[in-house]
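Asker: Chain by chain, the residues:
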Amino acid sequence: MNDVLTDNQWLLTVGTFLPLLGVLVMFFIPGTEEKLHKQLLIITAGATAVVHAITLVLFDYGQSDKLQFFVDEEWISVIRSGYTIGLDGISLPLYALSAFVTFLVAIYTYDNMPDAGNPKAFGILMLILQVGMAGSFVAQDLVLFFVFFEIVLLPMYFMIGVWGGEQRQYASLKFFLYTMFGSALMLVAILALFFNTDAESFGFSHLYAAGALIPENTQIWIFAGFFIGFAVKVPMFPFHTWLPDAHTQAPTQGSVILAAVLLKLGTYGFVRIAIPMLPQGAKAWAPVIAVLAVIGIIYGALGCLAQTDFKRLIAFSSVAHMGFVMLGIATLTPMGINAAMFGMVAHGWITGMLFFIAGSIKHRYHTLEIKRLRGLLIQMPKLGWVFGFAAMASLGLPGLAGFWGEFPALVAAWNPAFGLDETLFRVVLVIAALGTVFAAAYLLWLYQRTAMGEPNPEFVSGDSAHGGHGHAPALSAAANEHDDHEHADIHDVTPIEWVAWAPFLAAIVLFGVYPQLLFRVLDPAVTTLVQHVGAGIP
Amino acid sequence: MYAYNFLILAAAMFAIGVFGVIARRNAVTVLMSIELILNSVNINLVAFALMNDTYDGHVFALFVIAIAAAEVGVGLAMVLMIYRNRRSIALDELSELRG
Amino acid sequence: MSVFAAEAVADPGWFLENAWLIPVIPAVAFFGIIFFGKRLPRGGSELGIVSMLASLVIAAGMTLQWISHVDATHGTPVIKQWTWWQSGGLHFQLGQHIDGLAVMALILVAFISTLVQIYSTEYVRGDRRYTHFFAALTLFSAGMLTMVLAPNMVQLILGWEIMGLCSFMLIGHWWEEQANSRAALKAFFTVRVGDMGLLVGTAMLFGIFGTFDIAGINELTAAGDFESKQILMWAAIALFIACIGKSGQFPLHTWLPDAMAGPTPVSSLLHSSTMVVAGVFLVARIYPVFHVGLEINLAGQEFNLIAVIGGITVLVAAALAFVQDDIKKVLAYSTVSQLGYMMMGLGVGAWTAAVFHIFTHAFFKCCLFLCAGSISHTAAHHSFDMKKDMGGIWRKMPVTFATWMISTAALMGIPFFSGFFSKDEIIDSAKHNDYTIFYFVGIIGAFMTAAYMTRATWLTFFGTPRGGAAHFMGVESHDDHGHAAHDAHGDDAHGHDDHGHDDHGDVKHGRPLPFAPSDSPWQLTAPLIILAALAIGSGYLNAPAVGTHWFHHQTESSIGLHEAAGHGEEAAHDEAADHGEETAAHGEEAAHGPEPAEIYTVPPAPEFKWSAAAPGLGLVALGIGLSAFLSKAVFEDRRAPFAGLTRRNKLLGAGHRFLVNKLYLDALYENVIVKAIAHPISKAAYWVNQNIIDGVVNGAGRTGKDVGTWVYRNIDQKLVDGAVNASGTVASETGHALQPVQSGKVNQYGALLFGAAAVGAIVLIITNV
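As given, the protein sequences belong to chains A, B and C, one line each in that order.
Using the working numbering, read the first sequence as starting at 1 and increasing by one per residue.
Using the working numbering, read the second sequence as starting at 1 and increasing by one per residue.
Using the working numbering, read the third sequence as starting at 1 and increasing by one per residue.
Incorrect hints may have been included.
[Claimed, not checked] Part of the chain A face toward chain C, derived, beta carbon under 8 Å:
id : residue
1  : 115
2  : 413
3  : 415
For the record, the hints were derived by calculation from the structure and aren't laboratory data.
These numbers come from a predicted model, not from an experiment.
Glycine residues also receive a C-beta, built at the ideal position from the N, C-alpha and C atoms.
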């Protein structure tokens, strides 16, 4: 499809697999050296982030529609699968996002290790996860993509299952099986695609050209397989029910990575694989996707309104946000897909930030029940302000990054491409606009209930601030650590947390105020992609 | 000619001997029955030799007699050992080799 | 994407070209206040005021340059843009679009923001979140300024929503009390409901015209260059819904009175003079869209959406203003009502009159609010309840009283005060443009305005001092409210600005003006004087009664449509003819396109005649007189049969209750709609999620597990393993069966041996015979 640039071919391979080096080192160091492991995690994640930053610097922004740092090596030639990787304007933001999010999460972990402990295992899993995420975004071969796509499942399963909340077994198993079910169907679709294009190659460039030649009905069926696989990941209604449980039970780090990056694997898959390779299938499925997307927007919002758990509410809000992303994709227009890609990145920062906040609240109050949380702005003013900021960003306030994921999607919905049904999309547009109202509702209601008002007396002890070891005798006589832990240690944002969060906050403002930073990278690549899709639709 | 009478005699002796081997409890009796069988065989051998005008049968029968004697000697020795250990020589009770 | 061509124009001037700095400076100041404000000696207010002054200076320079620019170039806008975002190869911009309307709005907002910030230094002194207050106030100004000079719809939306955010932050400034945070939420939320229309409408405009550019959209609409009038109409309706929300039109007006929970400077800046006119501004800014889409001024049209909503708002809000005890709420409803006038003006095609009313209304309404704040600060112990804590204070607060009276006169539309010139022209235009019903609405509204303002004035300044005012005036209060009144403040759901009860004794921190020793400090009264002067003087910028049309001249290029024959220049005729030819070419295509010769124009302003204005003025006089009489009778003298009338008469009582309950609209919105969505509907959706959708998932999981168990038990264990086990059993059973053969008994072995031999012999014999 595109010409390719082949400078610095080492860059993507190193950027993807560098975490494994850290894994290797950590493997040989005994698990009792907890601090060392945390530091190694930060160092490795940091090194990976540096490599990604170098990638950002070396990337040729003028040619963002071409695949850059392209590598095409022999891998498994018996099944015609090659080690083909490359980076263009669509992959770059997500690729870089994965590394930076992991890095910031690693920093956050320094002070906030989940209860089950064992930083060695946790760190190794996080690094393997990073490999999977980065690899998915650079893969240009279906088998390679599938491998990376599946790699992310196991570490996340363990992260939820071991370090998670009370119902972690159920949540982790549900997450794993559900996603795997989708992936199984996707694998069938991959094979079908392969065989229907004369079984020549799994490489994207070949399939972009050959996939469009598949007869329409077959395309529709193959697309169905991809649809299920990616729709579970996004998550789209009605395949979304794994998400609230996974997010609620996962440890903070897991939630942040899940929300910030893993969900994007699904939407990225649509943009990168399903739609360009099966243009007619995409056109046939686009109305379905649009309808399901808008249902997701409204339904996710309604679900949020019914929640009593902070984290679960944010999880449902993810469903709603990804609804906007999918709506943008469903329009099959450059404006819509640009909005979707921007929305993916913005959602990563914003919802990642919200989950960080949830984690910090949990850490201090040991509860996430909305009923019991009040007056955050009084007890932890800085955290309250950050929360308010993130809430405003999440509801799509212009001037912050979230707006650019929603507004252009709505604009695009008015005029969908390639003869898609205008009336349907316009109705969807109006309902999606209603979704923005609901977003304001659930977020501001949450903010009002938790941040405003007077603090809950339950959490206000005489010396609730630091150094509450010597409690009044009225409290439990057993002065063991567990007891101190239970009586909430309400302190404001710690320096480590600031370091981890500041980039998120800055990015939300920066990209909100000057979205061209991201759009100029995305637009050429997206425009080329849409042109290609258009060429495939007679 | 009259050789058939010898054959009938040998057959009868054989049958009696087989019956004795199978159906008698007493080990010594079984050994005696084995002797009967062997002797019936001897008679047969001699009878057939006469029918064919040769003396091969007689020679064979002499071998059989010798071996029968040896066998009886060993057999009776074993029976004596069994009697000393078991105070009984009823074959029914000797089933150590039961599978 | 078209840019309104600025042909060889003489250099417009530095201020005009760099007007984009006007919002940027407060925006930067916002960040400064947030990060450094607390460390500054005056808590960040210095940054706020300095930034607003800087903006004001630039705005002033810009205004002067615009005035000469208009004469030189017939009002060509000065547009500067930079790429903000791109999509599909199209670049979208951020920048400035300076024309008459923008100039007016910029200088207005900058000026009033500056005054309010100065006022606030005294008013919110000692507040626990002083710095944040100024930060939010500054950000608000930046937002509104961004909006008014926006060259495209996206930037307009940006400014619009930033204002909404600041409104939320400022209304809920004292969020510790739940009533305040609820009011803030209500404001943000109600406006957001309207904003649905903004998003959808903008998307539609982009779909119709292929651009977000305001100049482009106006130009194309006026030229009739669009496919479907129907779709344009729906776009106009969608956008107007947003205006209904933002500008507090019926039925989305319910948030405005509740917004009075915020500190008074907020009410005076956002919720009277600037933010709430954003909706009116939007209509005025892309007026061709509304004018063409809703067919305003089309021959024979008697109603259109904008005029109807505006008209209803005028009357409903005025009626509601009668039953308010809280002075800020009276002013709030008055604002809603005046916004209704502005919308009505736009709805009848009186663009200049409506925009001019924005201008004059800002001054006198802001002044009225600041007066209310002054009274509360100095005389009423921080209360705003007219019935409980005010009365008879006119002697001791001369400056406040005088400025209040001047502004009230302007509001009522008394001749030679500014409001007369602007409001009367709206009413006049309604009649002139054949929207007779709205003429009547206008004059009835004027009557009601006069009446409720008189009532409020009486309760506030005249009569016997009560409660806090009694304390201020140094007299005994009739009903011993004294401290009780003060304590009642805490419970009062209106959430008065509550500085804490410690400054009960000493009221003033600052220095009052030398000629008004018992009045409020100068930071409060100086802005009042300035605003009152403008409440008189600003009207003369466009007073048909005395023959000035200066304002109209400065802003007419912003209408986007040509004026029909009359005031317009002859050039309008020629251009109209040219347009006719162009549109003829377009006209052949779509059947539902505009007629070839259809030209969209606004009617010219009517000639002013005292005789035409007389009925309205008469009603105003009647309103004042009647209301003064009734107020004295009911509140002061308690004279039957007026006093207690609503309690005795069932019908009047029901009507009174209906008004007090705000037409039960709030009950509908909050108790029915919001609660239904927030609770039953969302819970139902969640129930569906957990039990049906997730039920399917869990069911699938459980079924999978059960199937697996069944398969395991029955097929794997019984069948497959059974086969394996069976083979083993067969083998061992065979062995068992054969075991008796090995009895160990010699006899048996012998028997077998002989038997076998016998069988073998027989077989041998048989086979060989």
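Asker: Taking the hints in turn, state whether each one holds.
Answerer: Status of the hints after comparison with the structure:
1. 115: Since the shortest Cβ distance to chain C is 27 Å, the answer is violated.
2. 413: Holds: closest Cβ of chain C sits about 7 Å from residue 413 of chain A, inside 8 Å.
3. 415: Hint holds; residue 415 of chain A Cβ to chain C Cβ min 5 Å, cut 8 Å.
In this structure, the one hint that does not hold is number 1.
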